[in-house]
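Participant: Note that the protein sequences, when read in sequence, are chains A and B. For the first sequence, my numbering gives the first residue as 166, with consecutive numbering after it. For the second sequence, my numbering gives the first residue as 37, with consecutive numbering after it.
Honestly, the hints are just simulated from the structure, not real lab data. Every value quoted in this text rests on a predicted model; they were computed, and no experiment measured them. Please note that the accuracy of each hint is not assured.
As the list claims (entries may be wrong) - Estimated spans, in silico, between C-beta atoms of each pair:
no., chain 1, residue 1, chain 2, residue 2, range
1, A, Lys320, B, Asn48, 32 to 38 Å
2, A, Asp348, B, Asn48, 14 to 20 Å
3, A, Ile235, B, Lys57, 43 to 49 Å
4, A, Thr345, B, Leu63, 51 to 57 Å
5, A, Lys347, B, Ala47, 24 to 30 Å
6, B, Glu70, A, Lys333, 18 to 24 Å
7, A, Lys296, B, Lys51, 28 to 34 Å
8, B, Glu66, A, Lys453, 18 to 24 Å
9, A, Val464, B, Ala47, 26 to 32 Å
10, B, Ile69, A, Gly465, 43 to 49 Å
11, B, Glu66, A, Lys323, 45 to 51 Å
12, B, Lys51, A, Leu178, 38 to 44 Å
13, B, Lys61, A, Lys333, 55 to 61 Å
C-beta: ideal position from N, C-alpha, C; glycine also.
In case you want the letters, here they are:
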Amino acid sequence: MLKAFASYMVYDLFGMARDTRLSGALEFFIYDTIKIFLLLTVIIFAVSVIRSYFPPERTKRILSHKREFIGNILAALLGIVTPFCSCSAVPLFIGFVEAGVPLGVTFSFLISSPMVNEVAVVLLWGLFGWKIALIYLGTGLLVAIVAGLIIGKLKLEKWVEEYVYKIKSLGAAADIAKQTFKDRIVYARENTTDILKKVWVYVVVAIGIGGFIHGYVPEDFLVRYAGPQNPLGVPIAVALGVPLYSNAAGVIPIVYALMEKGMSMGTVLAFMMAVTALSLPEMIILRKVLKVKLLAVFVGIMTATIIGVGYLFNAIL
Amino acid sequence: MEIKVLGPGCANCHKMEEMAKQAVKELGIEAKIEKITDIGQIAMHGILSTPGLIVNGKIRHSGKPLPSLDKMKELIKADV
Numbered sequence: 166m167l168k169a170f171a172s173y174m175v176y177d178l179f180g181m182a183r184d185t186r187l188s189g190a191l192e193f194f195i196y197d198t199i200k201i202f203l204l205l206t207v208i209i210f211a212v213s214v215i216r217s218y219f220p221p222e223r224t225k226r227i228l229s230h231k232r233e234f235i236g237n238i239l240a241a242l243l244g245i246v247t248p249f250c251s252c253s254a255v256p257l258f259i260g261f262v263e264a265g266v267p268l269g270v271t272f273s274f275l276i277s278s279p280m281v282n283e284v285a286v287v288l289l290w291g292l293f294g295w296k297i298a299l300i301y302l303g304t305g306l307l308v309a310i311v312a313g314l315i316i317g318k319l320k321l322e323k324w325v326e327e328y329v330y331k332i333k334s335l336g337a338a339a340d341i342a343k344q345t346f347k348d349r350i351v352y353a354r355e356n357t358t359d360i361l362k363k364v365w366v367y368v369v370v371a372i373g374i375g376g377f378i379h380g381y382v383p384e385d386f387l388v389r390y391a392g393p394q395n396p397l398g399v400p401i402a403v404a405l406g407v408p409l410y411s412n413a414a415g416v417i418p419i420v421y422a423l424m425e426k427g428m429s430m431g432t433v434l435a436f437m438m439a440v441t442a443l444s445l446p447e448m449i450i451l452r453k454v455l456k457v458k459l460l461a462v463f464v465g466i467m468t469a470t471i472i473g474v475g476y477l478f479n480a481i482l
Numbered sequence: 037m038e039i040k041v042l043g044p045g046c047a048n049c050h051k052m053e054e055m056a057k058q059a060v061k062e063l064g065i066e067a068k069i070e071k072i073t074d075i076g077q078i079a080m081h082g083i084l085s086t087p088g089l090i091v092n093g094k095i096r097h098s099g100k101p102l103p104s105l106d107k108m109k110e111l112i113k114a115d116v
């Protein structure tokens, strides 16, 4: 039905000639835009409703005093549905530690939350198909779990700023006002509008790259530099991605262009993870609660794990 | 009544403070509005995502998106 609508727009409404490069590209552009925005709206709305059941205050209680491993898995999963913005990373970190969430488990959450979320998954699904979206989801969770486990095993509590452990909560404030189902729907609607407003430009640019630049740069432009044959492709992509900062939507146009031009899957996924999971602004914010040594260990472990994932997928895909 | 707006100073936190003042004015009630900006203090109150709204010791809202002014009035009124 969407396909029919797109071709109606191009050939009947705009009266363009059939089978030219431009009309074909435009048809593809209209079809993809509508499809992806429908997907985004429906899925962000659904996830927002689920989110309203998992405010960070509740997630904190779920993870409090959880054992490692189980705790890390739960934290990574809750990272998908718990709303989180890196601007709140400090109160969140303090709140988790204060509630007795183990350090490694807290990290699993902090890693998974910005990296694995519904926007990333929907965009990958819409542009590259559900298999790639699932692979990203699965490996994103894996990176969050593994990196959190390692940080937990290293017993790095001593590298957390001392004042964090001195903060004691005023218990009384801990109960959150009940929400009615209508409140949740209102929240979900506002959240969906908020996110769509933030990401729509990137999405249109990404689809535009697919629709129009497609065919103008040689297909194998990047294969020579960053194809599966180049063993240094993954570390270089990750090294480039770490200092870059963007949310999942912002990196999608770049990811799309790289993939179109022959960069291999594992390298692209590793690049996307490095961009979304590690960023300089977030490090500066986290520096308020973590000593430089712990930050360095965190960045090191993340970089190594993401590079590992990149190689793994280049080998099996 | 005691209302606390908690946030380190982001745009949304200022907006919430203004909204709280407006809501109190429109409701015509007596309330002390306090702004808490220290991160340690925010965490101590149990707020994990900012901005947060605490009315008489109960967390009524935390995080984005902000509630509407009407919702805000409801949240404050719930404790009168």
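Participant: Can you name, in rising order, the numbers of the hints this structure does not satisfy?
Facilitator: Per hint list: 4, 7, 8 and 13 violated.
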